[in-house]
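Kindly produce the complete structure, drawing on both the sequences and the hints.
Protein chains in written order, with numbering that gives the first Met the number 0: chain A, 0 to 334; chain B, 0 to 317.
Treat the hints with caution; some may be incorrect.
The calculated label-pair distances, taken between Cβ atoms and stated as ranges, are [claimed, not checked]: (1) His258(A) <-> Glu147(B): 55 to 61 Å; (2) Arg291(B) <-> Pro141(A): 32 to 38 Å; (3) Asp256(A) <-> Glu192(B): 18 to 24 Å; (4) Arg291(B) <-> Asn201(A): 33 to 39 Å.
Everything labelled a hint here was simulated from the structure, so no lab data went into it. It should be emphasised that the depicted structure is a prediction, and the values quoted were computed from it without experimental measurement. Heads up, the beta-carbon is just placed ideally off N, CA and C, and yes, glycines get one too.
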Amino acid sequence: MSLLSVRDLQVTYASRAGPVRAVDGMDLDVPAASITGLVGESGCGKSTLGRALMGVLPESGRITGGQVMFEGQDLVRLSASAQRAMRWRRMSFIPQTAMNALDPVQRLRTQMFEVLQERGGVSRRDAQQRSAALFTMVGLDPQRLADYPHQFSGGMRQRASIALALALSPSLVIADEPVTALDVIVQRQVLDVLRDLQARLNLAMILVTHDMAVVAYACDRVAVMYAGRIVESGPVAAVLERPLHPYTMGLTHAFPDVHGGEDVLVPIEGAPPSLLNPPPGCRFAPRCPFAEPACHASSPPLRSGASDHQVACWRAGDADVLRQLAAKPATWAGA
Amino acid sequence: MSVLLQATGLTKSFRMRGRDVHAVADVSLTVAAGAALGIVGESGCGKTTTARMLLRLEDPTAGRILYEGADITDLHGRALLPFRARAQLVFQNPFDALNPRFSIRQSLVEPLRNFGIPAGAHAAHIEAVMQRVRLMPAAAWLDRRPHELSGGQLQRVVLARALIAGPRLIVADEPVSMLDVSVRAGILNLLREARDSLGLAAIYISHDLALIRYVCERTMVMYLGRVVEEGPTAALIATPAHPYTAALVAAVPVARVEQNRAALPIRGSLSDAPLAGPGCAFRTRCPYAMPRCETETLALRDVAPGRRAACHLVGVAS
Numbered sequence: 000m001s002l003l004s005v006r007d008l009q010v011t012y013a014s015r016a017g018p019v020r021a022v023d024g025m026d027l028d029v030p031a032a033s034i035t036g037l038v039g040e041s042g043c044g045k046s047t048l049g050r051a052l053m054g055v056l057p058e059s060g061r062i063t064g065g066q067v068m069f070e071g072q073d074l075v076r077l078s079a080s081a082q083r084a085m086r087w088r089r090m091s092f093i094p095q096t097a098m099n100a101l102d103p104v105q106r107l108r109t110q111m112f113e114v115l116q117e118r119g120g121v122s123r124r125d126a127q128q129r130s131a132a133l134f135t136m137v138g139l140d141p142q143r144l145a146d147y148p149h150q151f152s153g154g155m156r157q158r159a160s161i162a163l164a165l166a167l168s169p170s171l172v173i174a175d176e177p178v179t180a181l182d183v184i185v186q187r188q189v190l191d192v193l194r195d196l197q198a199r200l201n202l203a204m205i206l207v208t209h210d211m212a213v214v215a216y217a218c219d220r221v222a223v224m225y226a227g228r229i230v231e232s233g234p235v236a237a238v239l240e241r242p243l244h245p246y247t248m249g250l251t252h253a254f255p256d257v258h259g260g261e262d263v264l265v266p267i268e269g270a271p272p273s274l275l276n277p278p279p280g281c282r283f284a285p286r287c288p289f290a291e292p293a294c295h296a297s298s299p300p301l302r303s304g305a306s307d308h309q310v311a312c313w314r315a316g317d318a319d320v321l322r323q324l325a326a327k328p329a330t331w332a333g334a
Numbered sequence: 000m001s002v003l004l005q006a007t008g009l010t011k012s013f014r015m016r017g018r019d020v021h022a023v024a025d026v027s028l029t030v031a032a033g034a035a036l037g038i039v040g041e042s043g044c045g046k047t048t049t050a051r052m053l054l055r056l057e058d059p060t061a062g063r064i065l066y067e068g069a070d071i072t073d074l075h076g077r078a079l080l081p082f083r084a085r086a087q088l089v090f091q092n093p094f095d096a097l098n099p100r101f102s103i104r105q106s107l108v109e110p111l112r113n114f115g116i117p118a119g120a121h122a123a124h125i126e127a128v129m130q131r132v133r134l135m136p137a138a139a140w141l142d143r144r145p146h147e148l149s150g151g152q153l154q155r156v157v158l159a160r161a162l163i164a165g166p167r168l169i170v171a172d173e174p175v176s177m178l179d180v181s182v183r184a185g186i187l188n189l190l191r192e193a194r195d196s197l198g199l200a201a202i203y204i205s206h207d208l209a210l211i212r213y214v215c216e217r218t219m220v221m222y223l224g225r226v227v228e229e230g231p232t233a234a235l236i237a238t239p240a241h242p243y244t245a246a247l248v249a250a251v252p253v254a255r256v257e258q259n260r261a262a263l264p265i266r267g268s269l270s271d272a273p274l275a276g277p278g279c280a281f282r283t284r285c286p287y288a289m290p291r292c293e294t295e296t297l298a299l300r301d302v303a304p305g306r307r308a309a310c311h312l313v314g315v316a317s
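This is the structure we're talking about:
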C-alpha cells in the first residue's frame, strides 16, 4: 500500500514563450517506511515534483492536472489552509542548500521553537527537550542550538535542516538534492544520518538526486525521470542490474566507477527536448539508438515490465537484447 | 619522458590572528610531457590555490615553478605570455566562462590574437579545433552565441578555447561538475583524446576520485594544504596508504547495490582540525592517531615504488 500515490500529474510554469509543462503526466508510488530515489538530469522536473507535493511551487508554477493521494486525501484538491496545516506535520522538505531552510539571523533554537510551538502546538518546556533530542538524533551537540547558522559548517547546517524537517514527526520527508553541495566525506555522513533516521522512525522519504550512485547507496526504490515523466521505476537492485529503459541503460555506462572496470565511458549524445514544445512520441526517442517509427509517433505509458518494475518504452519486450547492445560504445555513437 | 612542469616547495600563506596560516604548504610535483596528474581533496584543501599558483595566476609565498626547465616563478606581465600560450586553464563553469555578447567565433579568435597568431591562420585553427571538440560542421556553430548552446556544447567551446593556441599543458578544475551526467562522459572522452593525439599534459583538480581515476594515471591527495599521499591512481584507490585517503575512498558511493556501507574510518569534522602548529593536520580526525602525531610533522616518504605518503604508519618495515 502506497503512502503517496501520484497519478497523471501535470505542473505547468508560465513563461514568456508560453506554458512549460515541467511535469507532464507523471505516475509515482511511494511506499511507507522506505527511501525512494527520484533521479534525473537538470530540467527533468524532479525538483518541480518535490515542490509541487510540498505546495511550495514558485509564483509562475501551478498544478494543472492529476491527482496526489497522501494519507487518504487528494492534495491537489486541498484548500491552501489545509495544505499549510499538513506541511511540516505530515510532510516536510529538506532543500539542497541548508541556508534556504535556515534563517541566517535567528539562532537555531529560535527556529526549532518556532516550528515546534507555532506549527506543532508544543509547549515551551517540551520544545526545549524535543529540540535537544532532535539535535542529538542528527549527530549535533544540543549546546549548539544557541548558535547561528553561519557558525555551522555545510554538513552541520544540513543536519540542522534535517532536524527541523523531522521536528513534528512527519510520515513523509522530501529531500531535494540534500548532499549535492557537500564534500564527499560529509555527503556520506549526511546520507548515513538520513538512512539511520528513516529506519529508526519508519519514515518514508523521497530523495531527489541526479546521482545514480547516491541512489544505489541510500535508496530502496528508484524512479527515473526524463523530460517531465517517469520512464522507469522499481526496486533499486532490479533497475540497476536489469534496466528496462534505454535511458537508464545509457546512464549506467555514462559515468566512471571509483573502482574502475570500464575501458571507456559512453555518453548519451544530444540533450533533453524543450518542454515548451516536446516531441509527440517518446521524449527520449530523438536520443535513443533503438527508436523505431512507433516511438516517434506516440508516447508509451508506464507499464509493469516485470514484477514491481515499471517501464515506459515501446521496446520493453526486447530489453534483454537492448541491454547488451547498450553496453557497446558504437551503439550510442550513431544516434 | 621529459619533465614539462615542476614545482618545489610551493607555499601560500596568510596572516591570521598574528600567526601564519598555510593555505598550501610545501607542495612539490612533477608533470611529464603528455602525462595526467590528478589533485584530489575536499573544499579548503588547497587544490585550487595550488592549480592557480602552477598557472602563475597567483603568486606563491615560497617555492619555485619551472616550465621546461626555466624558472617562471618571478615572471610577470608580457614576460609570461609565452607560458600562458603553453599552459591553459579549462574553466569549471561553462555558463560564465564565455562572453555572452561574443559569437563562438569571436570567443575563439580572442586567444589567437592574444598569443600573436597571424590573422591569416585563424580560420584553419578554428576549423581544426572545432573538429577536435566535435562541433561539426564548424560553420553551423561559429555564429551562435553562448545562450543558444546547451551546457555540454558550451563546455566543448570552453575546451576549444583552451586548445586553440596549441598548449602543452591544460589545468582543468572540476571540468564537468556543472554538467548533466549524460553529457559528462563526452567531455571526459574529448579530454582523453586530446591528450592521446596531441600529447597534451594535464592537471585535473577534483573532489571526485572516480573522475580522477578515469583521466589520470597519477594522483596527489591533499588535506588542509598538504600533500598526504601520491602515487598511481589505481593503486592509491585499491590500497590507500594514508588514513585520510582511505576515508576519502570509502566515502565515494558507487552505482551498484553491493557496496561498502560500513562507518567511515574518520572522526569529527574538518572544523576540528588544527590550523597551524606542528604535527599531522589529520591527527584530530584519524582513527589511528598516536602521541607522536601531535609533535612530529612528517614529510612524504616512500611506501612502495612510485608511491609516497606522509604518515607514521607507513614506510616502516612491517
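Here's how the hints hold up against the structure:
{"no.": "1", "hint": "His258(A) <-> Glu147(B): 55 to 61 Å", "result": "violated (39 Å)"}
{"no.": "2", "hint": "Arg291(B) <-> Pro141(A): 32 to 38 Å", "result": "holds (35 Å)"}
{"no.": "3", "hint": "Asp256(A) <-> Glu192(B): 18 to 24 Å", "result": "holds (21 Å)"}
{"no.": "4", "hint": "Arg291(B) <-> Asn201(A): 33 to 39 Å", "result": "violated (47 Å)"}
The structure fails to meet hints 1 and 4 from the earlier list, while all remaining hints are met.
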